[in-house]
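Read off the chains here:
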Amino acid sequence: MTAASSTGADARTEVPLKRRLKRAERARQIRALALILPLLLFLLFTFAGPIAGMLWRSVDDREVRRVLPQTVAALANWDGKDLPDEKAYAALASDILAARASGTIAIAAKRLNYALNGFRTILTSTARNLKAEPEPGTAREALGKINPAWRERITWTTIKDASGPMTGFYLLSALDLTRNVDGAIVAAPPDQAIYRNVFARTFIISLSVTALCLILGFPVAYLLATLPAGRSNLLMIFVLLPFWTSLLVRTCAWIVLLQSKGVVNDSLLWLGIIDEPLRLIYNRFGVCVAMTHVLLPFMILPLYSSMKAISPAYMRAAASLGAPPATAFLRIYLPQTLPGIGAGSLLVFILALGYYITPALVGGAADQMISYFIALYTTETANWGLASASGAVLLLATVLLALVYGKLVQGQQVTGGMKN
Amino acid sequence: MEAGMVTPAPALVRFSGIQKTYDGEFLVVKNLDLDIRRGEFITLLGPSGSGKTTTLMMLAGFEVPTHGEIYLADRPIKNVPPHKRDIGMVFQNYALFPHLTIAENIAFPLSVRNTNKAETQERVKAALRMIKMETLAQRRPGQLSGGQQQRVALARALVFNPQLVLMDEPLGALDKRLREQMQLEIKQLHETMGITVVYVTHDQSEALTMSDRIAVFNDGIVQQIDRPDALYEHPVNSFVAHFIGENNVLAGTVETIEKEYCRVALAGGGVVTARAINVSGAGASTSLSVRPERIAIVSDRTSSEGPNRLPAKVQNTIYLGDHALAVLDVAGNREFMVKLQPGARDNLRPGESVVVTFRPEDCLALDPV
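Going line by line, the protein sequences match chains A and B.
For the first sequence, this note's numbering begins at 1 and goes up steadily by one.
For the second sequence, this note's numbering begins at 1001 and goes up steadily by one.
Hints should not be assumed to be uniformly reliable.
Said to hold, decoys possible - A few chain A residues that don't get close to chain B, going by computed Cβ distances all over 10 Å:
#1 15
#2 52
#3 227
#4 268
#5 277
As the list claims (entries may be wrong) - Selected chain A positions facing chain B (in silico; Cβ < 10 Å):
#6 313
#7 316
#8 317
#9 320
#10 321
#11 322
#12 324
#13 327
#14 336
For the record, the hints were derived by calculation from the structure and aren't laboratory data.
Where is the CB? At the ideal position from N, CA and C, for every residue including glycine.
This is chain A alone, in the form it adopts within the complex:
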């Protein structure tokens, strides 16, 4: 009787029940959203916004368009096969005169000079020597007389390439690529091709630091996870100690330790192990040592948490089943720490990729990583396009890595099973 009436009620209220559930859930969802809203807004303004801005800047190209509007319009339909027609010359002359009057010629000159070395001179000399708008029909001759570069096709293709509003120029530059006079993508001339090298260096340093952190951090994390609580807590304080000191201080401490008259060299000299000071700093060695020291906790903590979750019963079980300690470690313990190794390595690697202060302070000229060049372009040469493009390439590499890692971890979870 009661059962029959209750199932009847169920059937009648099935749809309203779903709606009621949704309503009940909605209140909770709104509350949850309200809780994360401040952080969301903060991130939007301080993180997502700037990154979007940076990505935009890496393809934004409106300087030439702004300064030389008529030239850009005149070149719009130019096929680039031959020199442009008289109209384009006239437009350029008119643009240059206008730009000189408004003082904006340097903006276009700077942008065009990135693409073609010496363009700054071409433009400023033309601006200086062009007294008045040439007679109709003589613009080509007049400009060619002021600077023969105007008779070159590449001068014009450079302007056309830079006429925006968007460009792949900066991104190509960041990968040591450029467009030749015919618009094909080719390798940049050797004197400008430094970025692949810098990216490779950045990845090599980051990889070395990650490997060092893993080698040094794994035993510490193991101790942390297996020691009795009291001693483990003490050790944990030592691991976390670096976080209480500023990054700058820690890096400078390494300078004190490693310089040629530093503590390490003096001790080695005094002990008679070496005859003259070793070069320990302002080279790759110093960079790796200092960065490893700074990043070590980021490796230890994820390792520790993954090891803490491994029951000691597994190792006992392995031993009781006949596995010697080394086999038990390799086949039972290590595979279960893989998520921790992955998380720690990814964290350290990504942090290392963007490292700036430490290599800048303890590295030599050949040890500067991509962030150094980004900072250089942003603050020194104000080449924001190239800075943004380098950042975008770095971001892309990092995102790809994170995606790969995500796939690996997902695979681990599917195959790894759960805790008992």
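Based on the hints, put chain B in the right spot on chain A.
Frame of chain A; chain B shown alone:
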């Protein structure tokens, strides 16, 4: 107490004068001497902290005895690392390797012994057949139920034919029905495979169901080692009497001892005849132990004289399905249990005065608690 049995099989394991302390002050195991025979199912039974798990861990090799020696097949093994002892072990939480499949888990002890592929496959298959889980070979431990995981743990501990299998409260995490089913399965495995099993539990009914012999541990000392029925019928002291099965305790003083029997004056009044099992002599205080099913309730008015008749007051009755218990107040023990025959419960009213009676041979005079 083993009179009439066939000659005991030779000892496979011998604990000789074993002591164990963790902190250098308190002995967890005090002077343990214990023989485990080849092919027997022996249970180490005791409350937590009694030293039974420590004993097992010393046998497995995860703990080192502070003093004494353990012999496995006449070979001292105190300094043999666990992986060289050839002892299979089933852990409390199964300890199945979560990153390996069921088949890989079972193959693990074979692969660390470099067994060739074909034989490994064959034996894993046989082991899976034994636990009736052939279809789940490619699952991960996390995808199995507790009972299934337990079966896999068993198969893994048996697949390499160890000379000894240890089980550390393997059924503790299972619910009652499953536990009882697994008890029978383990017992069956033991009988068909002829292996030697050392089983640790704190559950006395589990120990009674499965064991050939039970070693009752308390305070780091083996109180008694015997067959389950002997432990139940002939406990040597109050601890064993109390730990194995239900038990009523009556405190008293020994008046006289006559051969196997003694007369005991109860603290709560009355005199009974009991078997003198563990009493030092006349005048000594003692605890009497009587099982609930060995007691009869007779009407107050029936005045047939006999030994061991004590006045009692009914407190209440407890219905337990297959039987019922009467809780009585007897000689100062307000929780004196009597097992009732079906239907007898209806005649008892709380507050009613009755008389309980039991045979002298069912009443054991033991050490005072």
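Each hint tested on the structure:
1. 15: holds (35 Å)
2. 52: Given a closest Cβ separation of 41 Å, the condition holds.
3. 227: Label holds. Min Cβ-Cβ 16 Å, cutoff 10 Å.
4. 268: holds (42 Å)
5. 277: holds (49 Å)
6. 313: The hint holds - residue 313 (chain A) has a Cβ within 10 Å of chain B, the shortest such distance being about 4 Å.
7. 316: holds (6 Å)
8. 317: holds (4 Å)
9. 320: holds (4 Å)
10. 321: holds (4 Å)
11. 322: It holds, given that the least Cβ distance between residue 322 (chain A) and chain B is near 5 Å, below 10 Å.
12. 324: With a minimum Cβ separation of about 5 Å from chain B (threshold 10 Å), the hint on residue 324 (chain A) holds.
13. 327: holds (6 Å)
14. 336: This hint holds: residue 336 (chain A) lies near chain B, its Cβ roughly 6 Å from the closest one there, short of 10 Å.
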